[in-house]
Amino acid sequence: MRGAVALPFLWLLALVAAPLLILAVIAASTAADGIPPFALPTGWQGLADNLAVLADDPLYAAALLRALVVAGVTGALCLLLGYPMALAIARAAPARRPVLLLLVLLPFWIGFLLRISAWIGLLRDEGWINGVLLALGLIAAPLPMLYSDGALLVGMVHSYLPFAVLPLFAALTRLDPTLEEAAGALGARPAVAFWTVTLPLSLPGALAGFLLVFIPAAGEFVIPELLGPPEAQLVGRVLWTEFFQNRDWPLAAALALALLVLLVPSILLFQRLEARA
Amino acid sequence: MYLGLAFLWAPVLLLAGYAFSADRIPFQWGGFSTRWFAALAANDRLMEAALLSLRVAAGAATLAVILGGLAGFALARTGAFRGRAVFGALAGAPLVLPEVVTGLSLLLLFVALAGLTGWPAERGATTVLLAHATIGLAYVAVVVQARLAGQGREMEEAAASLGARPLVAFCTVTLPLMAPALAAGWLMAFTLSLDDVVVASFVSGPAGTTLPIYLFSRIKVGLTPEINALGVVILGVAGVALGLAAWLLRPRRA
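Chains as they are written, first to last, in the working numbering: chain A, 704 to 980; chain B, 4 to 257.
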């Protein structure tokens with residue numbers, strides 16, 4: 704029994720705890736020429752310096768804020784689109800549910816990058832949507848759709864939608880169907896019964912779905928890079944640039960820490976919801 | 004429901020359909036052709052990257068199932084032990100950390116290790132495998148823990164009261180109970196590894212170009228119909244795998 708704990712515990716200490724600790728140490732270092740490009744910290748002064756750089760340059764605060772806003776809007780849109788889907792699957796005949804769930808999940812197996820590339824093919828100036836609209840004579844010149852906030856959100860929602868649908872579906876199937884029947888028997892119309900019984904009871908599941916989208920979306924790098932406007936510097940992209948192009952490892956590490964600290968409340972809330980479920 | 008499904012499927016189906024277009028510009032119809040499948044098969048770099056990705060994903064998923072299975076079992080069955088709270092938090096951390104944070108911190112670990120011990124001298128397939136195994140571990144642990152929590156301990160206790168030693172009881176009773184979760188966890192870890200760009204980009208080196216890293220650099224430069232053809236191949240493989248799984252798991256009369 705001891706062994707069952709020891710092996711994964713050591714692995715997690717080495718590959719989860721240690722890396723985060725090292726991240727904190729590097730965030731307290733100063734950038735220097737060399738390989739690797741930093742000098743180890745002598746105290747907490749380095750961390751304070753790096754955080755001061757992050758605080759002084761509005762670029763970083765804007766990138767963090769923008770990432771949180773984009774992640775929040777993505778989460779909200781995923782709920783808006785995902786709730787009716789989860790409800791329809793939960794209310795379908797039990798034999799049909801696996802098929803419907805599979806239809807939600809299967810587009811994922813084609814791979815995240817291929818789905819994004821499909822959106823590029825649809826949205827760009829000479830892309831499919833513009834081609835169809837031009838052929839129908841609805842527009843005279845191609846609409847510039849790619850590299851916009853709209854394209855960014857479409858890509859984000861398309862990528863993260865199942866993360867919202869699955870916890871919602873789980874929450875909705877756990878509900879006792881007799882509750883809504885009871886509301887109906889007592890004279891509530893279906894819409895009222897849904898609004899006053901099912902919806903409030905499914906809110907924890909909805910919140911879990913929102914957080915499951917929000918948390919990873921906040922650090923998203925690839926979709927903004929491929930679909931978003933070039934000036935949209937989300938934190939994932941800024942971190943990437945600082946690290947790979949400017950080779951400022953301490954600043955990138957400090958930025959990662961800042962993102963992590965901002966996400967801690969959401970992460971704790973999500974874990975509490977999961978523990979209760 | 005159907006609106007949502009249409010939104011999810013439309014781009015995928017268009018991508019698949021236009022893979023058979025002869026036109027050099029993707030998403031433009033130029034008559035039926037399979038030339039892009041031939042081009043795909045002749046693309047050595049892509050094929051190499053795909054093979055590497057499959058190897059890394061299989062290795063990472065297998066490691067993740069062993070470690071995550073043990074972790075999930077420990078969390079569901081061993082009760083209180085010292086450090087349980089830390090253990091649980093660490094096992095859940097990879098699920099909720101943003102990819103850029105995971106990738107960056109793991110890279111810093113490998114750099115620090117190389118500085119201290121000389122290993123890993125070069126980052127590549129091995130470091131990506133270790134990173135993916137760690138993320139996969141977290142997913143497997145959650146699935147296994149949920150599966151075991153949903154099953155009573157009666158059968159294990161019965162085995163013990165009939166004289167089975169703990170290891171025997173584990174192998175003959177608990178392990179079969181965990182099996183569906185382990186299979187699902189392997190598949191999840193495998194898919195995650197095959198699809199990961201960000202963590203792999205951080206912890207990989209020049210010798211470790213996985214398929215997503217290759218595709219990401221290609222798509223940034225511009226689309227080609229080869230990528231559509233690749234999508235059809237992947238969907239085909241996924242469909243066959245799914246059919247096979249459904250056939251294996253078909254309800255059988257006793």
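No lab work stands behind these hints: they were computed from the structure.
Computed from a prediction, not measured in an experiment: that's the story for all the values here.
Where is the CB? At the ideal position from N, CA and C, for every residue including glycine.
Among the hints, erroneous ones may be present.
[As the list claims (entries may be wrong)] Have a look at the derived ranges for each label pair, beta carbon to beta carbon:
no. : chain 1 : residue 1 : chain 2 : residue 2 : range
1   : A       : Gln748    : B       : Arg156    : 26 to 34 Å
2   : A       : Ala779    : B       : Ala249    : 17 to 25 Å
3   : A       : Leu710    : B       : Pro123    : 14 to 22 Å
4   : A       : Arg799    : B       : Thr37     : 34 to 42 Å
5   : A       : Leu716    : B       : Pro123    : 25 to 33 Å
[What the hints assert, rightly or not] Which bits of chain A does chain B cover? Going by a derived footprint, with three or more residues having C-beta under 8 Å, they are:
no. : segment
6   : 835-848
7   : 949-963
8   : 966-978
For each hint, the structure was consulted:
Distance hint check: the CB atoms of A:Gln748 and B:Arg156 are about 54 Å apart, inconsistent with the given range 26 to 34 Å. Checking the proposed 17 to 25 Å range against A:Ala779 and B:Ala249 shows it is violated: the Cβ atoms sit about 35 Å from each other. The beta-carbon spacing between A:Leu710 and B:Pro123, approximately 21 Å, falls within the hinted interval of 14 to 22 Å. Under the hint 34 to 42 Å, the C-beta atoms of A:Arg799 and B:Thr37, about 35 Å apart, fit the expected range.
A C-beta distance of roughly 18 Å is found between A:Leu716 and B:Pro123, which places it outside the suggested range of 25 to 33 Å. Counting residues of the segment 835-848 of chain A whose CB lies closer than 8 Å to any CB of chain B gives 0, which falls below the minimum of 3, so the coverage claim is violated. For the segment 949-963 of chain A, the assignment as covered by chain B holds, since 6 residues bring a beta-carbon within under 8 Å of that chain's beta-carbons and 3 suffice. Coverage of the segment 966-978 of chain A by chain B holds in this model, with 4 residues showing a Cβ closer than 8 Å to a Cβ of that chain against a need of three.
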